[in-house]
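Colleague: Protein chains in written order, with my numbering: chain A, 1 to 616; chain B, 1 to 341.
No wet-lab data here; the hints were simulated from the structure.
Incorrect hints may have been included.
[As the list claims (entries may be wrong)] Cβ-Cβ distance ranges computed for the label pairs, FRET-style:
| id | chain 1 | residue 1 | chain 2 | residue 2 | range |
| --- | --- | --- | --- | --- | --- |
| 1 | B | K320 | A | D498 | 38 to 44 Å |
| 2 | B | D12 | A | T508 | 55 to 61 Å |
| 3 | B | K320 | A | K225 | 44 to 50 Å |
| 4 | A | G21 | B | Y283 | 50 to 56 Å |
[What the hints assert, rightly or not] Pairs of lysine-lysine, BS3-like flavour, derived with a Cα cap of 25 Å:
| id | chain 1 | residue 1 | chain 2 | residue 2 |
| --- | --- | --- | --- | --- |
| 5 | A | K279 | B | K330 |
| 6 | A | K567 | A | K586 |
| 7 | B | K320 | A | K281 |
| 8 | B | K11 | A | K461 |
| 9 | B | K11 | A | K441 |
[As the list claims (entries may be wrong)] Some chain B residues close to chain A (C-beta under 10 Å, calculated; not the full set):
| id | residue |
| --- | --- |
| 10 | Q17 |
| 11 | K44 |
| 12 | K45 |
| 13 | D47 |
| 14 | M77 |
| 15 | I79 |
| 16 | T81 |
| 17 | A85 |
| 18 | R87 |
| 19 | K320 |
| 20 | L328 |
| 21 | D329 |
| 22 | T337 |
Just so you know, even glycine gets a beta-carbon here, dropped at the ideal spot from N, CA and C.
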Amino acid sequence: MSQVLDTELESVVIRFAGDSGDGMQLTGTQFTNAAALFGNDLATFPDFPAEIRAPQGTLAGVSGFQIHFGSTAIHTPGDQSDVLVAMNVAALKANIKNLKKGGVIIANSDGFDSKNMRLANVPDDQNPLTDGSLSTYDLKTIDVTKITRAALQDSGLGVKEIDRCKNMFVLGLIYFMYHRSMESSIAFIKSKFKKNESVMNANLKVLQAGWSYGETTEMFANRFKVAPAKMEAGIYRSVMGNEATALGLVAAAQKSGLSLFYGTYPITPATDVLHELSKHKHFNIKTYQAEDEIAGICSAIGAAFGGSLAVTGSSGPGIALKTEAIGLATMLEMPLVIVNVQRAGPSTGLPTKTEQADLLQAIYGRNGECPVIVLAAQSPSDCFNLAYEACRLALTHMIPVFFLSDGYIANGSEPWKFPSTADLKDINVSFAKEKAEGDDKFMPYQRDEKLARPWAIPGTKGLEHRIGGLEKQNITGNISYDPANHEFMVKLRQERVDLVANYIPDQTIDSGFEKGDLLILGWGGTYGALKTATGKLLDEGYKVAHAHVRYLSPFPKNLGEILANYKTVVVPELNNGQLVKIIRDKYFVDAIPYNKIQGQPFMSQEVVTKIKEILS
Amino acid sequence: MEMVENKLTSKDFSSDQEVRWCPGCGDYSILKQVQTVLPDLGVKKEDYAFISGIGCSSRFPYYMDTFGMHSIHGRAMAIATGLKATRPELSVWVVTGDGDSMSIGGNHFIHTLRRNPDLNVMLFNNQIYGLTKGQYSPTSEQGKVTKSSPYGSVDYAFNPIALCLGADATFVARSMDRDPKHMQAMIKRSFEHKGTSLLEIYQNCNVFNDGAFEIFTEKSSKKQQTLMMEHGKPLVFGENADKGIKLDGFKPVIVDLNDASVNDLWIHDETDLVKATIISRFYDDPSIEGHFPRPFGVFYINSARRSFEDLFNEQIDQIKEKNPAPDLDKLIAGKETWVVG
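Work out the full structure: start from the sequences and follow the hints.
Modeller: What follows is the structure, given as structure tokens:
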């Protein structure tokens with residue numbers, strides 16, 4: 001056995017890349033679990049094509065999973081990777097530009113044969129493994145396919161099944177390189193394939209083979225140690241954004257004592273919320289896969305009418321279809337939560353890629369004056385907090401609430417110091433009480449101090465009343481075509497939303513100076529990149545700060561004061577400039593937009609460069 | 001006996017809102033028949049919910065003193081399904097029209113029938129768009145001249161009953177605004193059926209499509225042109241009940257009872273889908289020579305198919321039974337945790 005050198009590293013970025021059928025997402029999540037259990041802080045970024053099995057070997061078919069883990073606080077999946085696992089030439093070609101100079105490439109040589117070269121449009125005489133073009137990197141060429149086949153030659157499995165184990169070889173090898181225990185993956189394989197012993201044994205064998213390969217060949221003279229992160233004390237778990245969203249909804253239902261109804265239609269990247277919720281029916285969760293997006297939200301409106309905590313979820317095109325029904329819920333003054341896991345648009349756009357271009361749609365995008373509450377989560381685990389908040393505000397104010405997530409945080413994961421349910425804010429809901437003989441006539445649009453109307457559900461004696469999309473007379477709820485009443489009601493519905501500002505937390509500065517030269521004002525899934533960028537700028541002595549808005553309609557009451565404390569306000573967004581428009585409109589601040597619209601998250605370094613450019 | 005003074009009357013179901021349909025509209029009769037039938041159904045007043053979409057018919061809930069929602073165009077069935085799924089103890093009614101249910105709401109229409117929630121759907125078919133002041137609807141006959149089809153509509157019409165059977169509806173019936181007794185009977189039967197009951201009601205729009213069903217509703221032609229179906233009884237029609245329908249294999253044939261025996265006639269069987277499918281196709285233009293009479297009554301009932309809300313909630317109950325005390329903290333903690341510090 002060769003002499004192996006151990007190196008301590010603060011953090012590492014690994015990108016697993018291969019064909020969409022190569023199992024890179026699974027490999028990535030397995031390594032993520034192991035890193036999380038070890039105590040590293042981390043962030044992940046799955047980046048996959050829209051097609052389930054995109055054309056094999058092509059650039060379009062490349063599926064990637066990036067993990068950034070470290071002994072320090074990690075806020076992004078990393079701008080550039082230290083290690084690139086490339087299962088074929090297309091995966092290499094698609095990802096090499098984001099590999100650090102001198103970074104490690106683990107290449108499966110079988111994926112660089114002439115067929116793969118042709119599929120990836122690489123000329124035969126330019127095989128990157130042999131033409132010297134990768135000389136600035138630490139290239140490790142391994143015939144993963146051949147070794148896997150050799151390891152399983154007596155397994156009795158067919159070639160197709162054997163080749164499916166290739167990713168386990170890579171996983172074992174990476175575990176070896178980073179001194180990780182394989183226990184969590186061994187347990188995973190045993191449980192996943194408990195009904196198919198030969199496949200289970202094959203995966204276990206190849207996983208071990210990967211580890212042994214690292215141990216016995218001289219190829220890996222370096223192993224790396226990444227110590228656990230010094231995180232706030234507590235109990236942690238790893239969580240993905242969509243999972244956290246679902247848990248937040250369940251928690252809100254439990255805390256409010258209501259049954260949760262989730263009416264929806266499958267759409268990328270929101271569907272995992274449905275998948276997650278449908279597993280938890282024992283919490284009295286009712287999931288309903290409707291015939292279309294419109295039926296999804298309408299069934300939720302029906303459930304809300306009946307007294308359930310009603311939620312619908314979708315993504316861009318689906319939200320567009322729900323628009324009219326959101327208007328109805330606004331008129332009905334009904335509690336309803338609309339989850340929008342944003343993806344790149346317009347139209348079908350880039351279904352698996354992230355964007356935050358639905359903010360204006362959420363705030364303004366309906367016919368007529370139709371204000372709703374809008375919240376946006378800033379990280380995978382924050383989806384829990386804000387999904388919960390969305391329910392709380394909807395139920396206590398009788399107003400539809402948009403909860404915005406995005407493809408990046410929905411599929412990304414991070415360690416989460418999860419709350420105890422005892423510490424969650426109470427959600428007090430009471431339905432209107434039944435009327436006794438001689439009581440005054442029930443007034444469905446009578447209001448409390450929040451200007452919320454009573455939630456009077458069918459089955460309650462004496463409260464029979466009609467609601468609908470036609471304009472209402474205040475208090476009585478009767479149809480009214482009175483011109484002055486319409487103006488009054490339009491303003492009242494806005495006032496109801498504005499009042500919510502009294503029931504949400506103040507805006508805080510996330511990092512940096514309370515007053516200074518420049519404020520980076522972000523919202524949504526860009527949080528990690530902006531925080532990291534701000535940290536770098538502060539380290540370099542810039543007088544900057546970062547604030548991240550989670551309550552977008554209404555804004556926290558003190559947001560205007562905060563903006564006034566900086567000479568310049570920059571609003572980086574993954575869109576063509578949306579929050580910046582509202583900030584300029586509401587606060588007369590000459591905020592500067594900084595936009596990226598590539599279906600990809602910000603890299604912290606590009607934000608740093610942009611801010612320096614603005615400051616110079 | 002002490003219940004007598006608390007007994008509901010049709011007045012209890014009449015709201016304080018002024019009814020605003022055009023004078024002479026067929027909707028008035030439907031409203032009256034519903035208000036007449038409801039007190040006798042044994043349901044508490046507060047347990048009724050009426051959900052409608054958009055259109056003249058969809059104003060209906062405003063005139064009923066029950067819980068009600070006048071929603072958006074085409075979506076009443078989707079909303080009603082959500083309500084029924086979560087509140088199965090309520091008696092949920094849907095009021096819709098031919099445009100609302102079969103045009104803009106077509107998708108919800110077929111999928112609701114497929115899923116079979118226990119809703120009582122009343123489809124007011126007037127073969128015209130009334131609220132938008134007279135355009136052809138999906139049930140308007142081809143060639144219909146309206147404001148949007150001054151040269152005649154080129155669209156073929158839907159046959160609503162056949163559409164329902166195609167979508168596996170479990171209760172399909174037809175009635176008409178000008179036959180209160182028949183309509184009351186059909187409303188009762190819709191209510192009694194557990195599952196989605198689809199009651200098509202021919203309703204005259206006296207402003208934009210006056211007389212569309214006159215041939216079926218006028219005394220002078222009604223007996224000739226309609227076939228009043230009754231379970232277990234032969235299919236007989238005609239001025240003097242002198243005609244009948246006979247099945248020649250799968251081919252229905254009109255026979256003269258002066259020549260043929262009533263014993264040879266087709267006996268109506270509401271539970272027979274094949275026969276229901278055949279009779280649903282009695283949808284000819286009455287001006288065509290040798291056309292079949294238009295059937296009224298219950299075409300088909302399927303009591304075996306369980307209702308959506310039963311299956312939906314039974315599954316949840318079973319899962320809850322297996323996990324009677326779910327722990328939210330445990331759920332949030334997930335399968336794997338680790339401790340820092």
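Colleague: All the hints need checking, so say for each whether the structure fits it.
Modeller: Here is what the structure says about each hint:
1. B:K320 - A:D498: 38 to 44 Å: Distance hint for K320 of chain B, D498 of chain A holds at roughly 41 Å.
2. B:D12 - A:T508: 55 to 61 Å: holds, 56 Å
3. B:K320 - A:K225: 44 to 50 Å: Because 47 Å falls inside the window, the suggested range holds.
4. A:G21 - B:Y283: 50 to 56 Å: holds, 52 Å
5. A:K279 - B:K330: holds, 14 Å
6. A:K567 - A:K586: Holds - the C-alpha atoms of K586 of chain A and K567 of chain A are around 17 Å apart, at most 25 Å.
7. B:K320 - A:K281: holds, 7 Å
8. B:K11 - A:K461: holds, 17 Å
9. B:K11 - A:K441: Given pair K11 of chain B, K441 of chain A holds - Cα atoms ~17 Å apart, limit 25 Å.
10. Q17: holds, 7 Å
11. K44: Status holds, d = 8 Å.
12. K45: holds, 7 Å
13. D47: OK, holds: D47 of chain B within 10 Å of chain A, min 6 Å.
14. M77: holds, 8 Å
15. I79: holds, 4 Å
16. T81: holds, 5 Å
17. A85: Holds: closest Cβ of chain A sits about 6 Å from A85 of chain B, inside 10 Å.
18. R87: Cβ of R87 of chain B sits 4 Å from chain A, so the hint holds.
19. K320: Because about 5 Å separates K320 of chain B from the closest Cβ in chain A, which is inside the 10 Å limit, the hint holds.
20. L328: holds, 5 Å
21. D329: With Cβ-Cβ at 5 Å, under 10 Å, it holds.
22. T337: holds, 5 Å
Of the numbered hints stated above, none is contradicted by the structure.
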